[in-house]
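Q: Residues per chain, in single letters:
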Amino acid sequence: MSKEKQWPLWEVFIQSKTGLPYKHAGSVHAPDAEMALQNARDTYTRRGEGNSIWVVPSDAIIASNPADAESFYEPSNDKIYRHPTFYVMPEGAKHI
Amino acid sequence: MTVNEALFNYCLRLGDNSLILSHRLSEWTGKAPILEEDLAITNIALDKLGQARFLLQYAAQLEGKGKTEDDLAYKRSEREFYNSLLVEQPNGDFSFTMARQLLNDVFDFFLYEELTKSTNEPLASLAAKSLKEIKYHLRHCSEWIIRLGDGTEESHSRIQNSLNELWAYTGELFEMNEIDSVLIKENSVPDVSKLKPKWNNMLCEIFEKATLKKPEDGFMHTGSRKGIHSEYLGFILAEMQYLPRAYPSATW
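Residue numbers (the numbering used here), protein chains in the order written: chain E, 1 to 96; chain Y, 1001 to 1252.
Treat the hints with caution; some may be incorrect.
Said to hold, decoys possible - Covered by chain E, per the in silico footprint, the following chain Y stretches (three or more residues, Cβ under 8 Å): (1) 1038-1047; (2) 1137-1144.
What the hints assert, rightly or not - Think about it this way: if two alpha-carbon atoms lie no more than 30 Å apart in a straight line, the pair counts; the simulated DSBU-like pairs of lysine-lysine are: (3) Lys1065(Y) / Lys1196(Y); (4) Lys17(E) / Lys1129(Y); (5) Lys1213(Y) / Lys17(E).
What the hints assert, rightly or not - A few chain Y positions that, by computed beta-carbon distances, are all more than 12 Å from chain E: (6) Leu1062; (7) Thr1068; (8) Gly1092; (9) Thr1119; (10) Arg1147; (11) Asn1161; (12) Gly1171; (13) Asp1191; (14) Lys1198; (15) Asn1201; (16) Pro1215; (17) Arg1225; (18) Met1240; (19) Tyr1247.
Derived from the structure by calculation, the hints contain no laboratory data. Glycine included, every Cβ here is placed at the ideal spot set by N, Cα and C.
All chains should be built: construct the whole structure from the sequences, respecting the hints.
A: Laid out in structure tokens, this is it:
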């Protein structure tokens, strides 16, 4: 199938439980939003993986450029005072 | 006919419908138009198989001859199957499969909705569980019908032709016999003739969105209530039943 005949691509995000963040699961091809939702349901939630789905046109996602990684992320790494590692943890505290 | 016998036969009717439609849909596995649709159709086939399994298990229990759901699925012959002629029709092209699904699912939707109110506890609980699945199947195929009908000139004419051809199998869905009269008295099953106006209305709404014409009522095929089938059921059973009949002690 030539590229022009492909349906648009949609990114699929799934929430596994109410309150948890949506996680990227993959992508599907579909002619429109409703079919994208159905295709996402059939492709990614067949075994009870989620209770809510987002589909987003892939075109609508703005991604950072891996080549910009240095200027984007590195400035924070050499300033250790930015990281919350100077506290004494109360004993028995979990999930920190 | 006792209530028990009627219930046994009724469960075969519903169970065979699910089993044969499941088999037909499973024939798409690996060759649906796109990957996502392949998974969708296979999902529906698996849902139908689950429904068939429960119904045939319950039927076997009602019969009380120590049989299993496998015995009922694999060791009955063509004339002992009571699925509708509609579900055994070959897949044809994609529009044909979707049209078959729509006509069946709209009917099943109203039937199972009524069955949730059944005084028969196992049937009512199965219906409640299946109804959730049926609602999704119906959503899936009706969205397709709308897109095919309102799509290109070719998709429109294909789906219209499929509906026209399959329409002759819809009269049978509303047929009733002694089994129904015995069970209606018990409030175990609904009078399906009363579902027809709702079935018609829902289809008309979908056809309107899809810019399709509702086919005219004309000649209607019949026979499945008596176990008389089209030429296709024998071929389905030959394929489906070959292994357990050739190797009766085979296990998974």
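Q: Each hint needs a verdict: does it hold in this structure or not?
A: Verification of the hints:
Chain E is given as covering the stretch 1038-1047 of chain Y, and this holds because 3 residues of the stretch bring a CB closer than 8 Å to a CB of that chain, at least three being needed. For the stretch 1137-1144 of chain Y, the stated coverage by chain E is satisfied: 3 residues place a CB nearer than 8 Å to a CB of that chain, which reaches the threshold of 3. With a CA separation close to 36 Å, the supplied pair lysine 1065(Y) and lysine 1196(Y) exceeds the 30 Å bound. About 22 Å separates the Cα atoms of lysine 17(E) and lysine 1129(Y), which keeps this hinted pair within 30 Å; it holds.
Taking the CA atoms of lysine 1213(Y) and lysine 17(E), the gap is about 43 Å. The hint is violated against a cut of 30 Å. The Cβ of leucine 1062(Y) sits about 31 Å from the closest Cβ of chain E, beyond the 12 Å cut-off, so the non-interface label holds. Separation of threonine 1068(Y) from chain E is adequate, the least Cβ-Cβ distance of about 26 Å exceeding the 12 Å criterion. For glycine 1092(Y), the requirement that its beta carbon stay farther than 12 Å from each beta carbon of chain E is met, with the minimum near 21 Å.
The beta carbon of threonine 1119(Y) sits about 32 Å from the closest Cβ of chain E, which is more than 12 Å, so the claim that it is off the interface holds. At roughly 7 Å, the least C-beta separation between arginine 1147(Y) and chain E is not larger than 12 Å, which violates its mark as non-interface. With a minimum CB-CB distance of about 22 Å to chain E, asparagine 1161(Y) clears the 12 Å threshold, and the non-interface call stands. At the 12 Å boundary, the C-beta of glycine 1171(Y) stays outside the reach of chain E, the nearest C-beta of that chain being 31 Å off.
Once the 12 Å rule is applied to beta carbons, aspartate 1191(Y) is consistent with being away from chain E; the minimum gap is 33 Å. No beta-carbon of chain E is positioned within 12 Å of the beta-carbon of lysine 1198(Y); the least distance is around 24 Å. Every CB of chain E is more than 12 Å from the CB of asparagine 1201(Y) (nearest about 22 Å), matching its label as outside the interface. The claim that proline 1215(Y) is not at the interface with chain E holds, since no C-beta of that chain comes within 12 Å of its own (minimum 25 Å).
No beta-carbon of chain E comes within 12 Å of the beta-carbon of arginine 1225(Y); the shortest separation is about 34 Å. With a closest Cβ-Cβ approach of about 24 Å to chain E, methionine 1240(Y) is found to remain outside the 12 Å limit, as its non-interface label requires. With a least CB separation of 30 Å from chain E, tyrosine 1247(Y) remains clear of the 12 Å interface cut-off, as annotated.
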